[in-house]
Amino acid sequence: MKKLRLLQALGTLLLAVVAMPALAILNIFATVPEWGALAEELGGDQVKVYTATTALQDPHRIEARPSLVARARGADLLISTGAELEVGWLPLVQQQSGNPRIQAGEPGSFEAAQYVVVLEKPTRLDRADGDVHPAGNPHIQTDARNIARVAAPLAQRLSELDPANATYYRQRYASFAARWRAALAHWEQRAAPLRGVPIVVHHKAFPYLEAWLGLKQIATLEPKPGAEPTAAHLTAVLASLRQQPAKMVIRAPYQSDRASHWIAERAGINAVVLPFTVGGNENVKDLFALFDDTLQRLLRAAQ
Amino acid sequence: MRTPIFTAALAVLGFALPVQAASDTDLAQIRTQLKQMQETYEQRIAALEERLLEAEKSANRVESAAQRPAASDTAPVATATARSANAFNPAIYAVLQGAYSWQSQNPDHYVINGFVPSGDLFPGKRGFSLAESELGFSATVFDKLYANLILALAPDNEVEVEEAYAVFMGLAGGVTPKFGRFLSSVGYLNDQHQHSWDFYDAPLPYQAFFGGQFRSDGMQLKWVAPSDTFIELGAEVGDGASFPGNDRRNSNGIGSFALYAHLGGDVGVSHSWRAGASYLGLKPKDREYLQIDNSGLDSLLGFSGRSQLAIADFVWKYAPNGNPQETHFKLQGEYFWRKESGDLTYDLDGALALTSSGNYSSRQRGWYLQGVYQFMPQWRVGLRYDQLNPGRVDYESNAIFLDSSGFAPKRYAAMIDYTMSEYGRFRLQFQQAKVRPEIDDNQVFLQYILTMGAHGAHKY
Numbered sequence: 001m002k003k004l005r006l007l008q009a010l011g012t013l014l015l016a017v018v019a020m021p022a023l024a025i026l027n028i029f030a031t032v033p034e035w036g037a038l039a040e041e042l043g044g045d046q047v048k049v050y051t052a053t054t055a056l057q058d059p060h061r062i063e064a065r066p067s068l069v070a071r072a073r074g075a076d077l078l079i080s081t082g083a084e085l086e087v088g089w090l091p092l093v094q095q096q097s098g099n100p101r102i103q104a105g106e107p108g109s110f111e112a113a114q115y116v117v118v119l120e121k122p123t124r125l126d127r128a129d130g131d132v133h134p135a136g137n138p139h140i141q142t143d144a145r146n147i148a149r150v151a152a153p154l155a156q157r158l159s160e161l162d163p164a165n166a167t168y169y170r171q172r173y174a175s176f177a178a179r180w181r182a183a184l185a186h187w188e189q190r191a192a193p194l195r196g197v198p199i200v201v202h203h204k205a206f207p208y209l210e211a212w213l214g215l216k217q218i219a220t221l222e223p224k225p226g227a228e229p230t231a232a233h234l235t236a237v238l239a240s241l242r243q244q245p246a247k248m249v250i251r252a253p254y255q256s257d258r259a260s261h262w263i264a265e266r267a268g269i270n271a272v273v274l275p276f277t278v279g280g281n282e283n284v285k286d287l288f289a290l291f292d293d294t295l296q297r298l299l300r301a302a303q
Numbered sequence: 304m305r306t307p308i309f310t311a312a313l314a315v316l317g318f319a320l321p322v323q324a325a326s327d328t329d330l331a332q333i334r335t336q337l338k339q340m341q342e343t344y345e346q347r348i349a350a351l352e353e354r355l356l357e358a359e360k361s362a363n364r365v366e367s368a369a370q371r372p373a374a375s376d377t378a379p380v381a382t383a384t385a386r387s388a389n390a391f392n393p394a395i396y397a398v399l400q401g402a403y404s405w406q407s408q409n410p411d412h413y414v415i416n417g418f419v420p421s422g423d424l425f426p427g428k429r430g431f432s433l434a435e436s437e438l439g440f441s442a443t444v445f446d447k448l449y450a451n452l453i454l455a456l457a458p459d460n461e462v463e464v465e466e467a468y469a470v471f472m473g474l475a476g477g478v479t480p481k482f483g484r485f486l487s488s489v490g491y492l493n494d495q496h497q498h499s500w501d502f503y504d505a506p507l508p509y510q511a512f513f514g515g516q517f518r519s520d521g522m523q524l525k526w527v528a529p530s531d532t533f534i535e536l537g538a539e540v541g542d543g544a545s546f547p548g549n550d551r552r553n554s555n556g557i558g559s560f561a562l563y564a565h566l567g568g569d570v571g572v573s574h575s576w577r578a579g580a581s582y583l584g585l586k587p588k589d590r591e592y593l594q595i596d597n598s599g600l601d602s603l604l605g606f607s608g609r610s611q612l613a614i615a616d617f618v619w620k621y622a623p624n625g626n627p628q629e630t631h632f633k634l635q636g637e638y639f640w641r642k643e644s645g646d647l648t649y650d651l652d653g654a655l656a657l658t659s660s661g662n663y664s665s666r667q668r669g670w671y672l673q674g675v676y677q678f679m680p681q682w683r684v685g686l687r688y689d690q691l692n693p694g695r696v697d698y699e700s701n702a703i704f705l706d707s708s709g710f711a712p713k714r715y716a717a718m719i720d721y722t723m724s725e726y727g728r729f730r731l732q733f734q735q736a737k738v739r740p741e742i743d744d745n746q747v748f749l750q751y752i753l754t755m756g757a758h759g760a761h762k763y
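First to last, the sequence lines map onto chains A and B. Note that the first sequence ends on residue 303 in our numbering; no numbers are left out. Note that the second sequence ends on residue 763 in our numbering; no numbers are left out.
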């Protein structure tokens, strides 16, 4: 009898635990800050966003740390860039998490690059060319139009995963889309003087920004994508800049400043650190600030 | 939008019709007809639009499916055309390793004094040599089931199945089952492939207690707890054929059993860590090895009984702002305890003329500590100290033939390596091995590790 009662009590407890009202908050694991920020814009207080990397980290070179596995374990939605940006760590995190919701192909796995036109798809695949991405250049967030292209399907995905709040997500998306449209018109107008401005980049991280604003990339400091700048290559870049001057040399915050400063000093041009993503400098607290700040820095350097 | 235009068009049409016989009823009829026509067209257009949307969606699906990497660690580099027969080919990679080694002592006489020989061949032969080459195939077999085959091609032209397992990915609730032959997840270094090690060879406790690495043919179950701190619990059962077990059990039962827990997390953005505790139990039967007895003769010993290991491990990594590109530091250490108890058969030179069986028990320990520092992009230096503690070996009735020494084997290693990219690394390692009493074995290794093809991410 006693045993039975104990069992009953245990059963009730188990039931109580299982039947606990599922918290309505959607747990989101964003690989990079831009998608974390976008998820917050669209999800508002109905989502809890964990961002796996900061603007000071190279999203190519992240380790599948235990903390990432732990966070991925509880995620309802994984937002990644895709196009193999996170290929060095995310598949391992997904596998080790044992979380069925966020595996590739599941509704809880959202890849932003699927919704934009990916540039620089290599026609030749050879590691002699450095760290080439067969799927094309994954740094899609530097074109503000791509943010809008990703926002619509992301809002849709939030509604699918959390239908109870579908109206809420739709409203937030509508508000975000309207504000983004207005901001985009403003940015494009402001950026008019940047059209055709020649630039040097550290890593080929900005083709989308260049395509959007009409900047003209004439050299890269990395001899090959992902390879460290070498003295010989920098000398060659410097020589080419004497023939064809650039206005500035740009890089992301996680890239070393040595090569940029070396070139900037000798070629007499500006070395510019663009925020690259949300959190790229202390002013960039959200996606709107990201492009405000990017434009401000580019315009100042182009004068 | 559509409706007004449509109505307008129909209205124009309607006005263009001859209207001479337009009575009220006619008008009403015409109106209904028009309305019907309008409705039909609306429906048709809606249907068409729906089909268009469907078509667009499925086109997107096809496109996104094509973009998605085959659920492997890395996407295969070659893009297969969808219709060809090899479109389902697994991702393939190969690791080439080799070395030039200089050793002051003859490696043929390499033994770790006072420890049961584990069959480990290190430090390898003198001069130029190939080390183990690795050939890996991986692909999704079925929804959620992912298979991996890794062959080790030994320099003496032998092929060994290093790992051949299938793993369920994201099955449910943080549970990841695995089955087949796999490197056990006990300790820290054990389930990492040789090519991702930070030194040329395995630390002494791995050599002495596992013969390199412990693998088993069996099943593994891991569970990650739903918490912000990483908590992973794991259990394994296997055949127990890998050292310190052996494959003579001829039993339907389980030959090895492992349990472990791993904890991990970040401290700020710059620090991360993982710590673990593991237990491994095996039942070797007639595990034979040669040992020199008290009269200086080679004798054959056979052990049957229980072998139990406990391992405590930790790793701590530091990278400024979590960005390892410029500099980073990694400190790792593991401590092993092994207890063996059972029967030991002493057989002088295998001639069966003099055999003696008796109880046997041993308690031995070993540990290592290593640090690796990347001081500038692509260049790393590392130091390692590893040591074994002979502990207590009790031969009981065989003690008249056999003796246990109090000698503690140890080594000092220093390395520097250059990483071309994640696919290529060259390493130079200096090592002094004091694994036999009064003999210093000075060793120099110049090693290369090259990866071809679609190689997956390395474990933390």
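None of these hints come from the bench; they were simulated from the model. Computed from a predicted structure; not experimentally measured. Glycine included, C-beta positions come from ideal geometry on N, C-alpha and C. Check before you lean on any hint, since a few could be wrong.
Stated by the list, open to error - Covered stretches of chain A, going by a simulated chain B footprint (3 or more residues, C-beta under 8 Å): (1) 48-60; (2) 100-114; (3) 142-154; (4) 221-230.
Unchecked claim - Heads up, simulated DSSO-like pairs for lysine-lysine below, C-alpha to C-alpha not over 30 Å straight-line: (5) 481(B) x 447(B); (6) 48(A) x 447(B); (7) 48(A) x 121(A); (8) 224(A) x 48(A); (9) 713(B) x 224(A); (10) 525(B) x 713(B); (11) 642(B) x 224(A); (12) 447(B) x 428(B); (13) 481(B) x 737(B); (14) 633(B) x 588(B); (15) 525(B) x 633(B); (16) 588(B) x 481(B); (17) 481(B) x 713(B); (18) 762(B) x 121(A); (19) 642(B) x 447(B); (20) 48(A) x 588(B); (21) 121(A) x 247(A); (22) 48(A) x 642(B).
Said to hold, decoys possible - Short derived list, chain A residues pointing at chain B, Cβ under 10 Å: (23) 87; (24) 90; (25) 184; (26) 187; (27) 188; (28) 192; (29) 196; (30) 235; (31) 236; (32) 243; (33) 245; (34) 293.
Quick rundown of the hints versus the structure:
1. As drawn, the region 48-60 of chain A meets chain B at 5 residues by the rule of a beta-carbon pair under 8 Å; at three or more, the given contact holds.
2. For a cut-off of 8 Å, the count of residues in the region 100-114 of chain A with a CB near a CB of chain B stands at 10, and the three-residue condition holds.
3. Counting residues of the region 142-154 of chain A whose beta carbon lies closer than 8 Å to any beta carbon of chain B gives 0, which falls below the threshold of three, so the coverage claim is violated.
4. Counting residues of the region 221-230 of chain A whose C-beta sits closer than 8 Å to any C-beta of chain B gives 3, which meets the bar of three, so the coverage hint holds.
5. Restraint check: the Cα-Cα separation between residue 481(B) and residue 447(B) comes to about 12 Å, which is no more than 30 Å; the hinted pair holds.
6. With a C-alpha separation of about 27 Å, the suggested pairing of residue 48(A) with residue 447(B) holds against the 30 Å cut-off.
7. For a cut-off of 30 Å, the pair hint linking residue 48(A) to residue 121(A) is broken: about 34 Å separates their Cα positions.
8. Using a Cα cut-off of 30 Å, the hinted pair residue 224(A) and residue 48(A) is violated, with the two alpha carbons roughly 38 Å apart.
9. A C-alpha spacing of about 44 Å is found between residue 713(B) and residue 224(A), which places the hinted pair above 30 Å, so the restraint is violated.
10. Under the criterion of a C-alpha separation no larger than 30 Å, the hint pairing residue 525(B) with residue 713(B) is inconsistent with the structure, at around 34 Å.
11. For the hint pairing residue 642(B) with residue 224(A), the CA-to-CA distance comes to about 54 Å; that exceeds 30 Å, so the pair is violated.
12. The suggested pairing of residue 447(B) with residue 428(B) is violated, with an alpha-carbon distance near 43 Å, which exceeds 30 Å.
13. This hinted pair does not check out: residue 481(B) and residue 737(B) have alpha carbons roughly 39 Å apart, beyond 30 Å.
14. As the CA atoms of residue 633(B) and residue 588(B) are separated by approximately 39 Å, the hinted pair breaks the 30 Å bound.
15. Restraint check for residue 525(B) and residue 633(B): the C-alpha separation of about 25 Å stays at or below 30 Å, so the hint holds.
16. This hinted pair checks out: residue 588(B) and residue 481(B) have alpha carbons roughly 27 Å apart, not beyond 30 Å.
17. A threshold of 30 Å between alpha carbons decides the hint, and for residue 481(B) with residue 713(B) the separation of about 36 Å lies outside it, so the pair is violated.
18. Annotation: proposed proximity of residue 762(B) to residue 121(A) holds, straight-line Cα distance about 29 Å (limit 30 Å).
19. About 39 Å separates the Cα atoms of residue 642(B) and residue 447(B), which puts this hinted pair outside 30 Å; it is violated.
20. Taking the CA atoms of residue 48(A) and residue 588(B), the gap is near 55 Å; set against the 30 Å cutoff, the hint is violated.
21. Distance restraint check for residue 121(A) and residue 247(A): the Cα-Cα separation of roughly 27 Å lies within the 30 Å cut-off, and the hinted pair is therefore satisfied.
22. As the CA atoms of residue 48(A) and residue 642(B) are separated by approximately 48 Å, the hinted pair breaks the 30 Å bound.
23. A distance limit of 10 Å between C-beta atoms decides the matter here; for residue 87(A) the minimum to chain B is near 6 Å, and the interface restraint holds.
24. With a least beta-carbon distance of about 8 Å to chain B, the hint placing residue 90(A) at the interface is held under the 10 Å criterion.
25. A hinted interface residue such as residue 184(A) counts as satisfied when its beta carbon comes closer than 10 Å to some beta carbon of chain B; here the least separation is about 24 Å, so the hint is violated.
26. Here the hint on residue 187(A) is broken, as its CB sits about 28 Å from the closest CB of chain B, past 10 Å.
27. With a least beta-carbon distance of about 27 Å to chain B, the hint placing residue 188(A) at the interface is violated under the 10 Å criterion.
28. With its C-beta approaching chain B no nearer than about 34 Å, residue 192(A) sits outside the 10 Å limit, and its interface hint is violated.
29. Against a cut-off of 10 Å between C-beta atoms, the interface hint on residue 196(A) is violated, since the closest Cβ of chain B lies about 32 Å away.
30. Hint on residue 235(A) is violated. Least Cβ distance to chain B is approximately 19 Å, over the 10 Å limit.
31. A distance limit of 10 Å between C-beta atoms decides the matter here; for residue 236(A) the minimum to chain B is near 20 Å, and the interface restraint is violated.
32. The beta carbon of residue 243(A) is not positioned within 10 Å of any beta carbon in chain B (closest approach about 29 Å), and the interface hint is therefore violated.
33. Restraint check, residue 245(A) versus chain B: the minimum CB separation of about 28 Å is more than 10 Å; hint violated.
34. The closest approach between the C-beta of residue 293(A) and any C-beta of chain B is roughly 19 Å, which is over the 10 Å cut-off, so the hint fails.
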